[in-house]
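S.K.: As a plain string of letters, each chain reads:
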Amino acid sequence: MANAKHYVLTSLTLGIIAASAAGIIGLTNFATKDRIAKNEKQKIRDGIVSIFGTGSEILNEFEISDKNYNYLVYGYQVKNDDSGLNRYAIKTLGSNSYGKISLLVGVFENSTHEYKFGRLSIIADEQTYASTLEDDYIDVINGNENYDNIDVHCGATYGATLVRNMIDMTVSYANTVLGSE
Amino acid sequence: MMKREKGYTRKNFLKGIIAENPLFVSILGTCPALATTKTLEAAIGMGLLFTVVLICSNVLVSLLRKLISDEIRTPAYIVIIATFVTMVKMFANAFLPDLYSTLGVFISLIVVNCIVLGRAEAYASKHNVFDSLIDALGMGLGYMVALISMAFFRELLGTGAFTFGKIFTFIPETELRIIPKDYAISLFQQPAGAFIVFAVILAVIAFINNRKNELKAYKERQEKIRKAQEAKAQAEGGNK
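Residue numbers (this note's numbering), protein chains in the order written: chain S, 1 to 181; chain R, 1 to 240.
These aren't lab readings, by the way, just hints derived from the structure by calculation.
Ranges of calculated distance between the beta carbons of each label pair, as one might list FRET restraints:
hint : chain 1 : residue 1 : chain 2 : residue 2 : range
1    : R       : 166       : S       : 60        : 29 to 35 angstroms
2    : S       : 23        : R       : 121       : 23 to 29 angstroms
3    : S       : 158       : R       : 121       : 31 to 37 angstroms
4    : R       : 67        : S       : 60        : 53 to 59 angstroms
5    : R       : 199       : S       : 8         : 49 to 55 angstroms
6    : R       : 9         : S       : 135       : 42 to 48 angstroms
7    : S       : 74        : R       : 108       : 20 to 26 angstroms
8    : R       : 108       : S       : 83        : 40 to 46 angstroms
9    : S       : 175       : R       : 114       : 46 to 52 angstroms
10   : S       : 26        : R       : 149       : 34 to 40 angstroms
11   : S       : 11        : R       : 173       : 51 to 57 angstroms
12   : S       : 12        : R       : 211       : 52 to 58 angstroms
13   : S       : 175       : R       : 175       : 39 to 45 angstroms
Computed footprint of chain R on chain S, listed as stretches where at least three residues anywhere in the stretch have a Cβ under 8 angstroms from a Cβ of chain R:
hint : stretch
14   : 9–23
15   : 34–46
Note that the structure is predicted; figures quoted are calculated from it, not measured. Just so you know, even glycine gets a beta-carbon here, dropped at the ideal spot from N, CA and C.
Just need the whole structure built from these sequences, with the hints factored in.
M.R.: So, in structure tokens, the structure goes:
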């Protein structure tokens with residue numbers, strides 16, 4: 001009987017601690033979610049400026065839920081430049097065994113109405129080899145239309161492969177879906 | 001009730017900074033220490049977040065120490081630590097987004113940092129709230145001092161300059177160049193450089209400790225010889 005009482009009390013204590021923890025985390029989420037959402041929007045705006053230059057404005061936003069393009073999450077149509085050709089920034093989210101990475105990939109339409117990779121901006125990088133990935137791959141391919149020719153072997157090969165796949169998927173989406181609209 | 005040793009609080013606080021420094025003496029928490037010390041600002045940020053988590057978890061574990069039985073000690077401590085890490089992560093994401101982006105996954109990894117669980121287990125579960133708070137403050141500041149010392153050398157040698165204002169954006173962006181850019185050794189910004197700096201600091205500390213021990217042993221020997229000579233002189237004087 002004494003043993004049973006001890007086990008019940010022990011389980012109850014752990015249950016109360018866990019429930020309190022959940023409640024506190026919920027409250028913290030409630031207190032910070034608006035600010036976090038505002039920061040995320042600002043990151044997107046800053047990313048678009050870093051990709052397309054100062055004065056770039058978002059014309060249109062759309063969600064991407066096509067299962068064939070599983071890395072792609074959201075799209076932003078950016079105001080055209082003087083040439084009148086379309087420009088898009090696509091928010092992508094990918095993960096591998098080293099963690100998650102979220103990028104804003106900029107694609108632009110060229111004179112032959114083909115979409116090409118422009119530049120990218122990092123929204124969040126939780127990869128374990130984040131700094132190696134950024135210094136030795138992302139900084140190298142950023143702004144390089146021929147990113148495909150650059151070797152992914154950089155000390156963060158899995159991360160670099162993931163980034164390249166995300167860019168490939170974005171360019172393919174732009175040419176297949178956006179280009180046909 | 002046992003009488004408290006004089007200066008206990010001061011000793012308790014200082015031990016975390018010098019005598020029992022978690023990084024340089026206990027060699028704990030090395031993973032974030034190597035990963036987040038590329039710049040001084042990142043090291044200060046990591047140290048602050050770590051200290052907040054350590055203080056909160058130590059205080060709460062100490063408050064609940066009589067309620068938490070031995071069987072559920074470890075899972076209970078981990079839940080408590082994970083809660084505070086999640087809170088700190090959310091607050092950092094909301095109010096210090098640049099620090100949050102820079103530290104990345106290493107904020108979440110505070111949950112599995114040996115120092116936090118170790119102090120909860122070894123100290124907070126056996127001492128009162130005030131002593132646990134002081135212990136956490138000392139250990140947290142000690143870890144921060146250790147991170148800052150690593151980051152100081154890595155940023156100085158790796159880039160030749162200290163940059164401020166990129167993470168703590170309330171400070172105006174400043175660059176303090178000490179070494180010309182052409183002479184900076186970028187290796188120190190890489191993981192290999194982090195290991196080199198860590199090893200050199202540990203070697204210096206070991207050298208200082210060895211010299212201190214040698215000096216102490218020498219003084220003890222001299223004291224023994226002096227006492228033996230005094231005793232001999234007294235014995236000779238007595239015989240006469």
